[in-house]
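Build the full structure now, drawing on both the sequences and the hints.
Per the UniProt record's numbering, the sequence shown starts with residue 1, numbered consecutively.
The reader is advised that the hints may include incorrect statements.
What the hints assert, rightly or not - Dumping the calculated DSS-like pairs for lysine-lysine here, alpha-carbon to alpha-carbon at most 27 angstroms:
hint : residue 1 : residue 2
1    : Lys97     : Lys81
2    : Lys125    : Lys81
3    : Lys81     : Lys114
4    : Lys125    : Lys105
Calculated directly from the structure, the hints in this document are not laboratory data.
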Amino acid sequence: MMVIFKNGYDPTIEDSYRKHLIIDDQPCILEILDTAGQEEYTALRDQWIREGEGFVLVYSITARSTFERIERFRSQILRVKDTETMPIILVGNKADKVHEREVGKDEGLACARKMGCDFVETSAKTRLNVEAAYFNLISNHWNRGFKI
1 MMVIFKNGYD PTIEDSYRKH LIIDDQPCIL EILDTAGQEE YTALRDQWIR
51 EGEGFVLVYS ITARSTFERI ERFRSQILRV KDTETMPIIL VGNKADKVHE
101 REVGKDEGLA CARKMGCDFV ETSAKTRLNV EAAYFNLISN HWNRGFKI
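Next comes the structure, spelled out in structure tokens:
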């Protein structure tokens, strides 16, 4: 897999990616839909949630406003899926920008505990923990009986 990192970020309505993985010795195709969390696409987000089987909720550690929206996204997922539990991992991105940090790692951990999900900090730029986040989501929730 070739990785190209762009310093600027241009949020899109929907980008999709496909990744082949081996989880617990089983081949798995992970289809990732990046919805960018834009407020103007709330109606479309319900449709995407209905089709999703696991969710990666991402905020930027350098932008508190993105962290403050996480609980709203989680609530929307649970409402649309009509369930109290769903495979979710909370991800604090931009871990390479520690000097610009606005959200502490302890805050991310506390939020994940409150939501009953796992937590990891990542860096898309350096690839720190990016694959680990997906492996964690899949393997932990597959073992709990969810089919992803």
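Evaluation of the provided hints:
A C-alpha spacing of about 34 angstroms is found between Lys97 and Lys81, which places the hinted pair above 27 angstroms, so the restraint is violated. Of the supplied pair hints, the one linking Lys125 and Lys81 is violated, its CA atoms being roughly 32 angstroms apart against a limit of 27 angstroms. Simply put, Lys81 and Lys114 have alpha-carbon atoms about 19 angstroms apart, close enough for the 27 angstroms limit, and the pair holds. The hinted pair formed by Lys125 and Lys105 meets the criterion: a straight-line CA distance of about 18 angstroms does not exceed 27 angstroms.
Against the hints set out earlier in the document, violations occur for numbers 1 and 2.
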